[in-house]
Amino acid sequence: MKGNIVIIGGGIAGMEAAKSLISLGYSPIVVESSTKLGGHVASWYKLFPDMSSAKNLVSRLESEIKGATVLCGTKVISLNRLADGYSLKLSNGSVVNASALLIATGFTLFDAKKKEEYGYGVYDRVITNSDLEAWFSEKKDARVPDEPESVGFVHCVGSRDLKACNAQCSKVCCATAIKQAIEIKERFPYAKVYCFYMDLRLFGKKYEDFYINAQRDYGVQFIRGRVSEVGETLDGRLQIKAEDTLSGKPLKVQLDLLVLMSGIVRNQSIGELSAMAGLETDSDGFLRSIDNEYAVIESNRPGIFYAGACTGPKTVPETVAEARSAALAIHSYLETL
Amino acid sequence: MTDFGFTLSKSSTLDLQNVDRERFEQLCKLEKGASVCIGCGSCSATCPAGILSGMSVRKVVLAVQRGQDVRSMLQCCMLCGKCTMVCPRGINTRNLILSICSIYG
Chain Z
-2 MKGNIVIIGG GIAGMEAAKS LISLGYSPIV VESSTKLGGH VASWYKLFPD MSSAKNLVSR
58 LESEIKGATV LCGTKVISLN RLADGYSLKL SNGSVVNASA LLIATGFTLF DAKKKEEYGY
118 GVYDRVITNS DLEAWFSEKK DARVPDEPES VGFVHCVGSR DLKACNAQCS KVCCATAIKQ
178 AIEIKERFPY AKVYCFYMDL RLFGKKYEDF YINAQRDYGV QFIRGRVSEV GETLDGRLQI
238 KAEDTLSGKP LKVQLDLLVL MSGIVRNQSI GELSAMAGLE TDSDGFLRSI DNEYAVIESN
298 RPGIFYAGAC TGPKTVPETV AEARSAALAI HSYLETL
Chain S
5 MTDFGFTLSK SSTLDLQNVD RERFEQLCKL EKGASVCIGC GSCSATCPAG ILSGMSVRKV
65 VLAVQRGQDV RSMLQCCMLC GKCTMVCPRG INTRNLILSI CSIYG
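Line by line, the protein sequences are chains Z and S. Our numbering puts the first sequence at residues -2 to 334. Our numbering puts the second sequence at residues 5 to 109.
Okay, chain S solo, but in the shape it has when bound:
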């Protein structure tokens, strides 16, 4: 192919109808609270690991919903439970995190 000196960028569009929801549905069975997250960020704001590592429970829940691989996103979690205390939807975030770990192996 002739090299014209430029390439096409890969689309960054999220193709919603082809998102793999299987893992999220699995997660909702293990932790019902996963389905009612409103993404307020209370968990991430209070997370002692988040400030240094960038870890965010809110982002993890969203990434699972979007079918992305979240394996590396929870490595810094210490299961301290502060996020469980502040969640306005009463989600058992500790069980949520452990469930994600069991799903993704």
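So that you can see chain Z by itself, here it is in the shape it has in the complex:
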């Protein structure tokens, strides 16, 4: 059993960690609850800031983890502590013993229906960031009009919102909104595009360039005010209300499409796993690392490590870096056994 590693979650964190562990000479087992690998990134169209293809990243990783045992459509049913590792019972009936576990379960996108005032699932022209990514890839969504005259993006839907029980910033949505606003402008150059924000947080490498491009080259209009409510007009357009806080006036605008930037919340299935494994959760609901400065990938249990958004919102490069670092940490840990 020594050297047996189980990775729970087959998104980019789990895949990248598997790839690194293979190169270190291990044969990890990747347990993925959905039917395919790649997690959220697999359903994304392009990644910021280089606009590279998300699907290419996932398919490249898939080809690079041929040395791993991948179990899709499989869940962990129970998890027991052994003297020198863990025993996992899987939903396919098998039992696997592992010396080390990597939790790479990622996040869940906030359910935009919970913000009733934005009318997701009520009005035909309201979609989410992930709906728009799917539309970029597949061009199939009756809610997206053929020639929209005006499109709005609402930042911070279900993040930085105590009413939605999530006080934290989801970190990636500001850059995603600007990316999607640019992509909309590329498809519909004559559409007016508005971003409604509370604060713009473009902290990453070249994100600010994105913001400048959106302003200068695409004419995206940035309105500093949080949308308070959305209604429908008689002709099926959307009427939205916000305060234009910089001019200090209430603002209204009619739109043909409203995109809600659903935030990142903890993976809704992580509760069972953390209870089974005795893993602690942090005050933000995500898994609690040993500390949040120096040991983000380490859990409170020996031999259990974290990578990616199971410990909080992460960008793609952060997730990949954590996955590699977790693989090395697992390697060091196994050497000590």
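A portion of the hints provided could be inaccurate.
Stated by the list, open to error - Derived pair list, reagent style BS3-like, types lysine-lysine, alpha-carbon separation capped at 25 Å:
1) LYS136(Z) / LYS182(Z)
2) LYS86(S) / LYS160(Z)
3) LYS86(S) / LYS110(Z)
4) LYS246(Z) / LYS86(S)
5) LYS160(Z) / LYS14(S)
Said to hold, decoys possible - Take a look, some chain S residues computed to stay more than 10 Å from chain Z by CB distance:
6) GLY9
7) LEU12
8) GLU35
9) LEU102
None of these hints come from the bench; they were simulated from the model. We put the beta carbon where it would ideally sit given N, CA and C, even for glycine.
Since the structure of chain Z is provided, determine the placement of chain S on it from the hints.
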């Protein structure tokens, strides 16, 4: 004094170190939420009185922070509570408004 035909304008600079914070600190004791406002404007956007009267809870909170007199700014409030419903920071704006009224008399 010789009249040269022009006057000096009064500076409109906000002199931050001399701003009177006493009322804002009083307000924070009565309504703790006052200190966590991020000025997103949700309250003002949803305010049924704001469209016609120009009233804005966001502006009132900022004005109290800046030590300005806000007595006339809340006259049109009907205490309907819509602002309380939309505040992302969960501020009890109804208590906030009543607290401001009690402080300023």
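Worksheet item: Taking C-beta pairs only, is LEU12(S) more than 10 Å away from all of chain Z?
Response: 28 Å, holds
Worksheet entry | chain Z versus GLY9(S) - minimum CB to CB distance exceeding 10 Å, so not interface | At roughly 35 Å from the nearest Cβ of chain Z, GLY9(S) sits farther out than 10 Å, so the non-interface label holds.
Practice prompt. Find the nearest Cβ of chain Z to the Cβ of GLU35(S) and say whether that gap is larger than 10 Å.
Written response: Label holds. Min Cβ-Cβ 15 Å, cutoff 10 Å.
Discussion item. With the threshold set at 25 Å, check whether the alpha-carbon distance from LYS86(S) to LYS160(Z) stays at or below it.
Written reply: Roughly 14 Å separates the two Cα atoms, so the pair holds.
Worksheet entry | 25 Å limit on alpha-carbon distance, applied to hinted pair LYS160(Z) and LYS14(S) | 44 Å, violated
Practice prompt. Assess, step by step, whether the Cα of LYS246(Z) is no farther than 25 Å from the Cα of LYS86(S), and give holds or violated.
Written response: The hint holds at about 17 Å.
Item to complete: Decide if the proposed pair is consistent with the structure: LYS86(S) and LYS110(Z), CA atoms, cutoff 25 Å inclusive.
Response: Holds, at roughly 19 Å.
Worksheet item: Is the hinted pair LYS136(Z) and LYS182(Z) satisfied, with a Cα-Cα distance of at most 25 Å?
Response: 15 Å, holds
Worksheet item: Minimum Cβ separation between LEU102(S) and chain Z greater than 10 Å?
Response: 21 Å, holds
When held up to the earlier numbered hints, the structure conflicts with hint 5 and nothing else.
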